[in-house]
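Visitor: Keeping the supplied structure of chain U fixed, place chain Z upon it in accordance with the hints.
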Amino acid sequence: MSSIVTSIEKRSEKFSFWPRHNEAIYKRLESKHAWLEEKHHPDDARERAEDPLENEMTLNIGPQHPATHGVLRCAVKLDGEIIEKCVLDLGYLHRGIEKLAESKTYQEFMPYTDRMDYLAPYSNNVAWCLAVEKIAAIEVPERAQWIRTMMCELARISAHLLWLGVGLMDAGALSVFLWTFQYREDLYKIFDEVAGARFTVSHSRIGGLASDVSDTSLAMIRDFTDNFPEAVDGWEKLLNRNRIWIDRNNGVGVLSAEEVVQMGMTGPNLRGSGVAYDIRRFEPYLKYNDVDFNIPIRSEGDCLARYFVRVDEMKESVKIVRQCLENLPEGPIREDNAKHAYASKDEVYYSMEGMIHDFMYTDTGVCPPKGVETYHATEAPKGELGFYLISDGTGKPWRVRINSPSFTNLQALEPMMEGGAIGDMVILIGTVDPVMGEADK
Amino acid sequence: MPKHSTLNFQFTPVDPPKEDAENPHAKDTTFVPDDLEALTTEFGDDVLQSTLYANEHTVWVNRDRIVDVCAFLSNERGFNYLVDLGGVDRFTEDERFEVFYNLVSIEHGKRIRVKVRVDEEEPVVPSVTDVYPAANWNERECWDMVGIKFEGHPDMRRMYMPEDFEHHPIRKEFPLLGIPGSLPLPPQEPGGDLTMDPFAAAHGSRPIKSYEEEKTESEQ
Numbered sequence: 001m002s003s004i005v006t007s008i009e010k011r012s013e014k015f016s017f018w019p020r021h022n023e024a025i026y027k028r029l030e031s032k033h034a035w036l037e038e039k040h041h042p043d044d045a046r047e048r049a050e051d052p053l054e055n056e057m058t059l060n061i062g063p064q065h066p067a068t069h070g071v072l073r074c075a076v077k078l079d080g081e082i083i084e085k086c087v088l089d090l091g092y093l094h095r096g097i098e099k100l101a102e103s104k105t106y107q108e109f110m111p112y113t114d115r116m117d118y119l120a121p122y123s124n125n126v127a128w129c130l131a132v133e134k135i136a137a138i139e140v141p142e143r144a145q146w147i148r149t150m151m152c153e154l155a156r157i158s159a160h161l162l163w164l165g166v167g168l169m170d171a172g173a174l175s176v177f178l179w180t181f182q183y184r185e186d187l188y189k190i191f192d193e194v195a196g197a198r199f200t201v202s203h204s205r206i207g208g209l210a211s212d213v214s215d216t217s218l219a220m221i222r223d224f225t226d227n228f229p230e231a232v233d234g235w236e237k238l239l240n241r242n243r244i245w246i247d248r249n250n251g252v253g254v255l256s257a258e259e260v261v262q263m264g265m266t267g268p269n270l271r272g273s274g275v276a277y278d279i280r281r282f283e284p285y286l287k288y289n290d291v292d293f294n295i296p297i298r299s300e301g302d303c304l305a306r307y308f309v310r311v312d313e314m315k316e317s318v319k320i321v322r323q324c325l326e327n328l329p330e331g332p333i334r335e336d337n338a339k340h341a342y343a344s345k346d347e348v349y350y351s352m353e354g355m356i357h358d359f360m361y362t363d364t365g366v367c368p369p370k371g372v373e374t375y376h377a378t379e380a381p382k383g384e385l386g387f388y389l390i391s392d393g394t395g396k397p398w399r400v401r402i403n404s405p406s407f408t409n410l411q412a413l414e415p416m417m418e419g420g421a422i423g424d425m426v427i428l429i430g431t432v433d434p435v436m437g438e439a440d441k
Numbered sequence: 001m002p003k004h005s006t007l008n009f010q011f012t013p014v015d016p017p018k019e020d021a022e023n024p025h026a027k028d029t030t031f032v033p034d035d036l037e038a039l040t041t042e043f044g045d046d047v048l049q050s051t052l053y054a055n056e057h058t059v060w061v062n063r064d065r066i067v068d069v070c071a072f073l074s075n076e077r078g079f080n081y082l083v084d085l086g087g088v089d090r091f092t093e094d095e096r097f098e099v100f101y102n103l104v105s106i107e108h109g110k111r112i113r114v115k116v117r118v119d120e121e122e123p124v125v126p127s128v129t130d131v132y133p134a135a136n137w138n139e140r141e142c143w144d145m146v147g148i149k150f151e152g153h154p155d156m157r158r159m160y161m162p163e164d165f166e167h168h169p170i171r172k173e174f175p176l177l178g179i180p181g182s183l184p185l186p187p188q189e190p191g192g193d194l195t196m197d198p199f200a201a202a203h204g205s206r207p208i209k210s211y212e213e214e215k216t217e218s219e220q
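As they're listed, the protein sequences go chains U and Z. Taking the numbering used here, the leading residue of the first sequence gets 1, the next gets one more, and so forth. Taking the numbering used here, the leading residue of the second sequence gets 1, the next gets one more, and so forth.
Keep in mind that the hints were calculated from the coordinates and are not lab data. Treat the hints with caution; some may be incorrect.
Said to hold, decoys possible - Label-pair distances were calculated between CB atoms; the ranges are:
#: 1; chain 1: Z; residue 1: V124; chain 2: U; residue 2: T362; range: 38 to 44 angstroms
#: 2; chain 1: Z; residue 1: G152; chain 2: U; residue 2: D223; range: 55 to 61 angstroms
#: 3; chain 1: Z; residue 1: E95; chain 2: U; residue 2: L100; range: 23 to 29 angstroms
#: 4; chain 1: Z; residue 1: D68; chain 2: U; residue 2: E258; range: 20 to 26 angstroms
The C-beta atom is built at its ideal place from N, Cα and C for all residues, glycine as well.
For reference, chain U alone in the conformation it holds in the complex (with noise of 0.2 angstroms):
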């Protein structure tokens, strides 16, 4: 029986897995690591220092590390303990959803973005059937388009308290991760109420909603809106004057306002630096015109700022979802056009053409014109999440294309990271918000 420990000189001749991508990685890095230099030059190998502090380093961090939110593989090249470059290398988590989404129809492909940002995927169902929608002009009645308004602020709060407790526990504060999933757990109750599902809700349906909401669960709404802000002050009062908290954070990551437009960041990062761009008053869609709410914006543009942003964007959302529990109004939650949106259950199961057209929304559901194209975007938690959609006139798309903010933001993340220490590392990558189900697709 063979050991499970390989031995170093075995392993050394198995790395021929993946070769040229390895090698096309480190010549980005213009170095190598210590052996791998070794075994390709081994006359080099003699000029070393003694002290491995002193020479330079290639480090791989990830894919498979704690720190690095999700499968997100960074190749550092170290100068004792500042990063000298960076080479990030995506797509551990690639599978090619935008070419699964041609062989869908657009009802089908609904459930699949759940599976993008998974820490909102409610934010995600919306965008999908906005788009959607928008290529096949339908319109979605008044009472479905508040309560999304109102679902997406929730899964607002519910990605930010996630960044907020992971970002800390990897500063080394573990407590506030337990406090806010505390509260993070009460937002899954509530869309399991709402949509009977906890993590994957899948609830938007094109057209309206699969479901309308129940008076428990605007009753759990409104206890959570109740109690949400008292708590984030509760945060707050140990954070925003907390010494380790910010020596972590401030001065570190800084991006001036032309630099995060140049990377083409979006959604905090964007707003951290103190331009003043949200989807939500850029292209408002949903009821973002009939609420009041702010757009929290700073202008140092380092990772303390983009802290101060996403908790006051907390703030703002529950402002928003108790404008929406008092606007909420009566009516029906899905359009009543069988060739846009499914028939309602109780035609389904008493009509003979109810269950007509809901086989034949199944089979074929929505049409767009042939040949149209269009792009509608939304302000998901992580930034502008759009879907650009081409439609060939049958009822699956021809191409989807999805801009998804992780990807965008995860770009600026390497020249972050240059020129910073390797201890600020998880912070940086904490700061951007990467999901990793979003940025590979």
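Guide: Same frame as chain U, but now just chain Z:
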């Protein structure tokens, strides 16, 4: 002519395109006639055509002038924020591919979509990374997925797939299940050989097991 061939299974009749004012999700930001006019006066015949659907303007320009067009839009018209860039496989005989540029002017609150058409024989587009550094990863992704090279790109590696992979998956001829043997995966046991067929099970062969199973009666 046999009767059955006349049956056309178009279950849901396709609606004609609606007028733009009727689209409930149309946005003001994507309606940019002024910028299109500026582009036409600046570049003349290199602006090939423009369309409007759901209040969204799309403009096709000559592939060779795309860097100039982007520089003009960025410097003169305020479109300094590149939101998205990607490739489309149109699967037509000539000018098979398309590359689109989704540009935003934060200052003026406008969004424009610029497109170039690329031929299959020579799928090369000038890179816009000098104008928009944000295009870097998007162009790499486009090379990875669609197989369009970007001339002048500083780092033309694949984005998601490893360099050892030789296909471009979003192309229409690439099968949904993947191509067997195209992607080496780690060994199934320590010290073993690389697994060369990640889709073995999908193509009918049995997965390797770490233990021996007793044969069923029918197999004996």
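Visitor: Between Z/E95 and U/L100, does the beta-carbon spacing fit 23 to 29 angstroms?
Guide: With a Cβ separation near 26 angstroms, Z/E95 and U/L100 satisfy 23 to 29 angstroms, so the hint holds.
Visitor: Is it true that the C-beta distance of Z/G152 to U/D223 lies inside 55 to 61 angstroms, as the hint says?
Guide: Given a distance of about 57 angstroms, which is inside 55 to 61 angstroms, the answer is holds.
Visitor: Given a hint of 38 to 44 angstroms, does the C-beta separation of Z/V124 and U/T362 actually sit inside it?
Guide: Given about 43 angstroms between the Cβ atoms, the range holds.
Visitor: How does the Cβ-Cβ distance of Z/D68 and U/E258 compare with 20 to 26 angstroms: does it lie in that range?
Guide: 22 angstroms, holds
When each numbered hint is compared with the structure, no violation occurs for any of them.
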